[in-house]
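**Q** Take a look at the letters that make up each chain.
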Amino acid sequence: MSKTYEYVPKPALVKGDHDFSSLTSLITDINLRPTPKAWYVAFGIANVLLLIMLVAVGYLIWQGTGIWGLMQPVGWGWAIINFVWWVGIGHAGTLISAILFLFRQDWRTAINRFAEAMTIFAVMCAGLFPAIHVGRIWVAYWMFPIPNQMGLWPNFNSPLLWDVFAVTTYFTVSALFWYVGLVPDLATIRDRIKSRMGKVVYGTFALGWRGSNRHWWTYEKCYMILAGLATPLVLSVHSIVSFDFAVSVIPGWHTTIFPPYFVAGAVFSGFAMVLTLMIICRKIYKLEDVMTLDHIEKMNIILLVTGMMVGFAYGMEKFIAWYGGVEYEKAIFMYRASGPYAWAYWIMISCNVLAPQFYWVKKFRRHIGLTFVISIIINIGMWFERFVIVVSSLSQDYLPSSWGYYTPTIWDVMTYVGTFGLFFTFFLLFLRFLPMVAVAELKGVLPQANPHNYDKKGNYVPPKSEPPKPQYES
Amino acid sequence: MKRDYTDNNSIYGILAEFRNPAELLKAATEVSNSGYREFDTYSPFPVHGMDKAMKLKKSKLGWIVFAHGLTGFLGGLALIYFVMVVDYPLNISGKTFYNVPAWIPVIFEITILLSAFGAFFGLFWLCDLPRFNHPLFNSERFQKATNDGFFLCIEAADSQFEEEKVNQLLKGLGAVNTEQIDSGL
Chain B
1 MSKTYEYVPK PALVKGDHDF SSLTSLITDI NLRPTPKAWY VAFGIANVLL
51 LIMLVAVGYL IWQGTGIWGL MQPVGWGWAI INFVWWVGIG HAGTLISAIL
101 FLFRQDWRTA INRFAEAMTI FAVMCAGLFP AIHVGRIWVA YWMFPIPNQM
151 GLWPNFNSPL LWDVFAVTTY FTVSALFWYV GLVPDLATIR DRIKSRMGKV
201 VYGTFALGWR GSNRHWWTYE KCYMILAGLA TPLVLSVHSI VSFDFAVSVI
251 PGWHTTIFPP YFVAGAVFSG FAMVLTLMII CRKIYKLEDV MTLDHIEKMN
301 IILLVTGMMV GFAYGMEKFI AWYGGVEYEK AIFMYRASGP YAWAYWIMIS
351 CNVLAPQFYW VKKFRRHIGL TFVISIIINI GMWFERFVIV VSSLSQDYLP
401 SSWGYYTPTI WDVMTYVGTF GLFFTFFLLF LRFLPMVAVA ELKGVLPQAN
451 PHNYDKKGNY VPPKSEPPKP QYES
Chain L
1 MKRDYTDNNS IYGILAEFRN PAELLKAATE VSNSGYREFD TYSPFPVHGM
51 DKAMKLKKSK LGWIVFAHGL TGFLGGLALI YFVMVVDYPL NISGKTFYNV
101 PAWIPVIFEI TILLSAFGAF FGLFWLCDLP RFNHPLFNSE RFQKATNDGF
151 FLCIEAADSQ FEEEKVNQLL KGLGAVNTEQ IDSGL
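Those protein sequence lines, which keep their order, are chains B and L. Numbering-wise (our numbering), the first sequence opens with residue 1 and increments by one. Numbering-wise (our numbering), the second sequence opens with residue 1 and increments by one.
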């Protein structure tokens, strides 16, 4: 029998001739160098968008949710679509940082910091929408179980309240996980930065980390526990987001497939967003040695898999609507594909199901330009998926006399576009001031980090990358 | 690991630098086998097998997290029970007030939240951090510990500590440099 499968060489995770100190400078020098001019330009644009968001939100709080395109029967519009879209994007970060960690996928170290930052900022954008959607934002604290003079409590039977707990927990745990990972790298910058101010600030946030092995010992345990906690958490968060829909009795929403379908869609859109951001950043910051083509290929495979899962869910929804025999269910799925919102439905199908099919071909998986375009197409497609779910079901419910066609207003558009300002303002600050790759973790996966790759005299012997000739045993 | 740094000795310990993780691992094994207990190694990333070489005990963090998680679970259940059954029961079509399946999501989230707090604060509590100064930060060389330096420090707090012997031991293990660290901050 052939035993060649053991000898398939693993491609090196870090390309180029890097050692520990060259990796340190490759990544942390980005933070130590003076701010590039282009950064200010990008930051300025992001700030303008952020301002647009603030104006839109300010006017909304002043005037009320009537300024949006909401009406009877479509009481949930762009705000909920955007909420689900942003939360979904966030999920890829946790998938990369927690689930791939538990599966010992070492390639994640190049992108986990980056993706986790994306998670945190995406969840911030997401959280904005339900918060302002409540209308009277000054009593938003009613959502939390705080004893009050009215003797009222929130209703724990309600999926909308589950969502409050899920999203706040998700944000908090993601931020803690991210910070734990950052501490050793902040210490690296603390020890390298020259300015007094920088030493004080990075030193404060590095908490006095000194790379002690007694600390690493607990640290690794902590990291594993947090990964173990974040994994069920991320699955629960998007399941609960889907409960907002599935627990209601609206046709097209009241289905048991929603939790897994939503989670797959979230991972799908999130990986696409990571790719969009990563392809730009690796080019600008010259990180091609760390975020390699192999990474892009692996992520494209995940896009193909999750894209097929989403496509399967679309098909399954249809099948169950037909097989279940409920007239309203059947009707809504016919309307989706052929009714007033058919244009949105077919955008969704072509972006989410057809576009990833390119990735069956290895050449396309490793093509940067194509990957960039498809990653954006997928994000557009996933936005339309939420649009189809939210709007088509609501606008055509049980009573044909109340049917209506939903159109957003300029304020819907401004709020959505503005959240990109919020996202990129934070993301650019992150790129500027924090190491965008987990340096300590990356060093740990270099072949030089493994004590077995040294000979008796303590000299480094690179592991053999050439596979030995296959040996056949009869 | 809690240790008393304000020992009346003026020496904190002897710090030795090694070339690479393999030599550090070998040195830690030898130092540990020679009977030293109050020593630590410093590296930019966790070195595989170092905990065994240093004979470290299993971290207590798991228990801390478990206690927090249990508190979250029971606390969440108690809170919802109080709200939904005792203080403000809502009669929804005559359904039972004690509607546990609908409470699971929130109880689960609170359990995860408190466990994560336990892991986060437990880590820094067990590591005796944050602390913004440490005798080792007096060493210029030690700044490499977060970049590409591999260090081992035998502390004066160890009962076997004798400056001469420790110096010789560390040099014999292939240290490229040894220096004395003063405990004054």
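These are computed hints drawn from the structure, not numbers from a lab. Being a predicted model, the structure only gives us computed values, none of them experimental. The C-beta atom is built at its ideal place from N, Cα and C for all residues, glycine as well. Some hints here could point you the wrong way.
Here are the simulated lysine to aspartate or glutamate pairs, EDC-like style, with alpha carbons at most 20 angstroms apart [to be verified]:
1. Lys221/B with Asp51/L
2. Lys456/B with Glu140/L
3. Lys60/L with Glu297/B
4. Lys58/L with Glu220/B
5. Lys55/L with Asp87/L
6. Lys199/B with Glu162/L
7. Lys194/B with Asp51/L
Quick list of the computed label-pair ranges, beta carbon to beta carbon [stated by the list, open to error]:
8. Val139/B with Trp63/L: 37 to 45 angstroms
9. Tyr81/L with Leu370/B: 49 to 57 angstroms
10. Phe97/L with Arg136/B: 45 to 53 angstroms
11. Phe97/L with Lys283/B: 57 to 65 angstroms
12. Trp63/L with Asp29/B: 35 to 43 angstroms
**Q** Each hint should be assessed against the structure and marked as holding or not.
**A** Quick rundown of the hints versus the structure:
1. Lys221/B with Asp51/L: 12 angstroms, holds
2. Lys456/B with Glu140/L: 30 angstroms, violated
3. Lys60/L with Glu297/B: The hint is violated at about 40 angstroms.
4. Lys58/L with Glu220/B: 12 angstroms, holds
5. Lys55/L with Asp87/L: It is violated: about 54 angstroms lies between the C-alpha atoms, which goes past 20 angstroms.
6. Lys199/B with Glu162/L: At roughly 35 angstroms apart (the allowed maximum being 20 angstroms), Glu162/L and Lys199/B break the hint.
7. Lys194/B with Asp51/L: 34 angstroms, violated
8. Val139/B with Trp63/L: 37 to 45 angstroms: Because 41 angstroms falls inside the window, the suggested range holds.
9. Tyr81/L with Leu370/B: 49 to 57 angstroms: 55 angstroms, holds
10. Phe97/L with Arg136/B: 45 to 53 angstroms: 28 angstroms, violated
11. Phe97/L with Lys283/B: 57 to 65 angstroms: For Lys283/B against Phe97/L, whose Cβ atoms are near 59 angstroms apart, the range 57 to 65 angstroms holds.
12. Trp63/L with Asp29/B: 35 to 43 angstroms: 41 angstroms, holds
Consistency with the previously given hints fails for numbers 2, 3, 5, 6, 7 and 10, ordered from lowest to highest.
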